[in-house]
Amino acid sequence: MSTVDTALHVALTLVAPPMLLGVVNKTKAAFAGRVGPPLLQPYYDLARLSRKGMVFSSTTTWVFVAGPVVALVTTLAAAVLVPFGARGAALSFAGDMILFAYLFGLGRFFTVAAALDTGSAFEGMGGAREATFSVLAEPALFLGLMVLVRLSGTSSLSTMLGPGLAHHWGVMGASLVMVVASFVVVLLVESSRVPFDDPNTHLELTMIHEVMVLDHSGPLFGVVLYGAAMKLFVLGALVVRLVLPMDTAHAWSDWGLFALGMIGLSIGIGVVESVMARLRMRQVPNLLVGACLLSAFGIVLLAR
Amino acid sequence: MSAELLKVRNGRAFARADVPAIPVDEWRRAILARVAEGDRLVALFGTDGGEQGVQLWAVLAADRAGVLRLGTTTIGTTEGGGYLSLTPECPQAHLFERELFELWGVRPNGHPWLKPVRFVAPRRGEGVAGKVGVMDFYRVEGEEIHEVAVGPVHAGVIEPGHFRFQCHGEVVFHLEISLGYQHRGVERAIVEDAGKRRIHYVETLAGDTTIGHASAYCHLVEALSGDRVPPRALVLRAIALELERLANHTGDLGALANDVAFLPTASYCGRLRGDFLNLTAAVCGNRFGRGLVRAGGVGFDVDDALAADMVQRLDAAMSDVESAVRLLWSSASVLARFENTGRVTTETAAALGLVGVAARASGLDRDVRLDHPWGFYRLHKIPVSTLPSGDVFARAYVRWAEIRRSAQFARELLRSLPRGASRVAHGPLAKERVCVSLVEGWRGEICHVGATDEQGRLAVYKVIDPSFHNWSGLAMALRDQQISDFPLCNKSFDLSYCGFDL
Chain X
1 MSTVDTALHV ALTLVAPPML LGVVNKTKAA FAGRVGPPLL QPYYDLARLS
51 RKGMVFSSTT TWVFVAGPVV ALVTTLAAAV LVPFGARGAA LSFAGDMILF
101 AYLFGLGRFF TVAAALDTGS AFEGMGGARE ATFSVLAEPA LFLGLMVLVR
151 LSGTSSLSTM LGPGLAHHWG VMGASLVMVV ASFVVVLLVE SSRVPFDDPN
201 THLELTMIHE VMVLDHSGPL FGVVLYGAAM KLFVLGALVV RLVLPMDTAH
251 AWSDWGLFAL GMIGLSIGIG VVESVMARLR MRQVPNLLVG ACLLSAFGIV
301 LLAR
Chain E
1 MSAELLKVRN GRAFARADVP AIPVDEWRRA ILARVAEGDR LVALFGTDGG
51 EQGVQLWAVL AADRAGVLRL GTTTIGTTEG GGYLSLTPEC PQAHLFEREL
101 FELWGVRPNG HPWLKPVRFV APRRGEGVAG KVGVMDFYRV EGEEIHEVAV
151 GPVHAGVIEP GHFRFQCHGE VVFHLEISLG YQHRGVERAI VEDAGKRRIH
201 YVETLAGDTT IGHASAYCHL VEALSGDRVP PRALVLRAIA LELERLANHT
251 GDLGALANDV AFLPTASYCG RLRGDFLNLT AAVCGNRFGR GLVRAGGVGF
301 DVDDALAADM VQRLDAAMSD VESAVRLLWS SASVLARFEN TGRVTTETAA
351 ALGLVGVAAR ASGLDRDVRL DHPWGFYRLH KIPVSTLPSG DVFARAYVRW
401 AEIRRSAQFA RELLRSLPRG ASRVAHGPLA KERVCVSLVE GWRGEICHVG
451 ATDEQGRLAV YKVIDPSFHN WSGLAMALRD QQISDFPLCN KSFDLSYCGF
501 DL
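Note that the protein sequences, when read in sequence, are chains X and E.
Under this note's numbering, the residue at position 223 of the first sequence is numbered 223, and the numbers go up by one with no gaps.
Under this note's numbering, the residue at position 122 of the second sequence is numbered 122, and the numbers go up by one with no gaps.
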């Protein structure tokens, strides 16, 4: 991993995430027969929010501010641990996958705490939903990572998603297919996309993630949106690397492949959102348990 | 043997002296006897009875026979007065009796739920208006019970209304709906106005039902003054009413798709609703049909070229609606959300006296167009579309069935417009006459009741929007449902706030 790669890794993490949302929205617009917002609209939105003032409810404390900030920082830290394409991560060490999973846990804790801090019935409801669903999403992610640990014999994300991955696909493709399916479910849940959540809805009672941030405004809300986009980017990078395990042995083509993979993923998310309705809320846990089982069967297949 | 009520027909005027005035006990027994026979309570309201107190009017509908029954009684408003409430035996009276108590101080003794309706000042006596939304809400107590209050300010651009949920986790035990934020005093303004502004009040009573309410009003005043409205005008009104239904039903199907995040139908139906509205605009220049329905006929005529053009545009829009809506029924993920959500059983719907789409989706075969036809519907019938399941799916599918039948109806009428004038001069109102005018608007039965005094002035005017009957249906639909399904259920009823608040 060269210095250039590291710089590129960090730069992409900081700059690229809103672009994914732009691609998702363009795809949805194409399906709906509309022109849709510009590709860069998420950036404009962030710029607009950064210029606005903030309103704080008198019931809130520092926790309310800490929620979005911690969520963003933890996601940023997690991003450093995930390899983007074949080029490895900016930082890696044995066991970093556990840190990776629990950085999200920490971010989620603060998001939920900030929601509860407002004392609003809506936000409490959203917090309860988020906590319930993440209890089930976490084992799905972990069991999936266990498959990779077993295949690669290491507990570092960069190594387990490193050059050997293509070989593992040849040997243990069935397990990896299950892991990919499970990770896609986790990705959609964690980034609150259809069919689990509807990022565009204005209906408070049906929201999961959005309802927890109803009281955030201005730059702080911008941080929320930016953090959410980055989470999509980081988890997306995990899925993209799993699906595209190739190693072109050339830095620029590796980065290009990664970029194409991310755009493809965004289009895929857009297509899913365009062709299916949202699940009934009580069915979301069923699908998450299904994701856990997929990952678990991935392990069973390896253990035979 | 209970007293006889006066049998009348929809949209026919009769002498005020013919309306039986009976003692309150007999009046009450007569209503309950009719309801036991399967009649519906269409209207129950009070008017100023001078020194004797308040005159109570009841209008019942026997749908199969196509007959309306009318009876009045007068009751004093002295302390400790009132009458034995109808509600315990006839739940469909519950909101009417609350309104009676709020407006006239007539106490229905034994009413189980005597709370404010619109938080307005009483028409008689000293009382002052309450603060809207401030009342004693029903509460469920318990360790794990939580209360969610939604509105009156909502996240979307919709009308104000307050919803109070008693929840156990995600499950709703009870929903209480508190409205009144949009109260403008339309009924009173209609009576007090000399005549010129009335049609405008009626047209904006519920903006999305302009044609429906304007038709009900015009049929009423035409009956009171004995105008002979030319057939061409009646046909044009029928076309306008069906176009209004097409626009709103299509918009509703799109909105239902939007609520379950099903993009394609949501986007297309949003545009197609506009296509139907534009058809109305092609006739009268206003997308909601303001200025189209006028006493004595219609304000705008349709020439042959326009009629041919409208048929063409209607066909084009319908073929697009067909493909957009077919996507809904062929998507398993959509059906999974619609089916078994927000169920209202046939028994509940009948007990609450639901009307319109909500009633037909619960298996009740009621449609004013067929049961109490007025205007051109006397000659040209539209079949009723019903479905027994009472869930969101049924309310969506009944809309779809009605879209197809309305389009067919409008197409046939546009192709065979009768010749002749489209408007006659509207005469002065006859003295001491009464008329009940029912119209099947796109939401359901619209009821206007009017009566003139000894000088031929409009002295009584009562409006009952279908939403007045149906809001209770929404509250019942939410029992034991997921709170996250509320917006979907709400949209499947799509009721009017201002039509309720008046």
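Read the hints as simulated data drawn from the structure, not as lab findings.
Quick caveat: nothing in here was measured; it's all calculated off a predicted structure.
For each residue, glycine too, the CB sits at the ideal point set by N, CA and C.
There may be inaccurate statements among the hints.
[Stated by the list, open to error] Across the chosen pairs, the derived CB separations fall in these ranges:
#, chain 1, residue 1, chain 2, residue 2, range
1, X, 56, E, 76, 33 to 39 Å
2, X, 6, E, 319, 55 to 61 Å
3, E, 134, X, 218, 54 to 60 Å
4, X, 290, E, 315, 44 to 50 Å
5, X, 37, E, 327, 56 to 62 Å
Against the structure, the hints come out as follows:
A hinted range of 33 to 39 Å is violated for the C-beta pair residue 56/X and residue 76/E, which are about 57 Å apart. Here the CB-CB span from residue 6/X to residue 319/E is close to 58 Å, well matched to the stated 55 to 61 Å. The hinted window of 54 to 60 Å between residue 134/E and residue 218/X is violated, with their beta carbons roughly 32 Å apart. Range check, residue 290/X to residue 315/E: about 46 Å between beta-carbon atoms, so the 44 to 50 Å window is met.
Taking 56 to 62 Å as the suggested C-beta distance range, the pair residue 37/X and residue 327/E does not conform, at roughly 23 Å.
The structure fails to meet hints 1, 3 and 5 from the earlier list, while all remaining hints are met.
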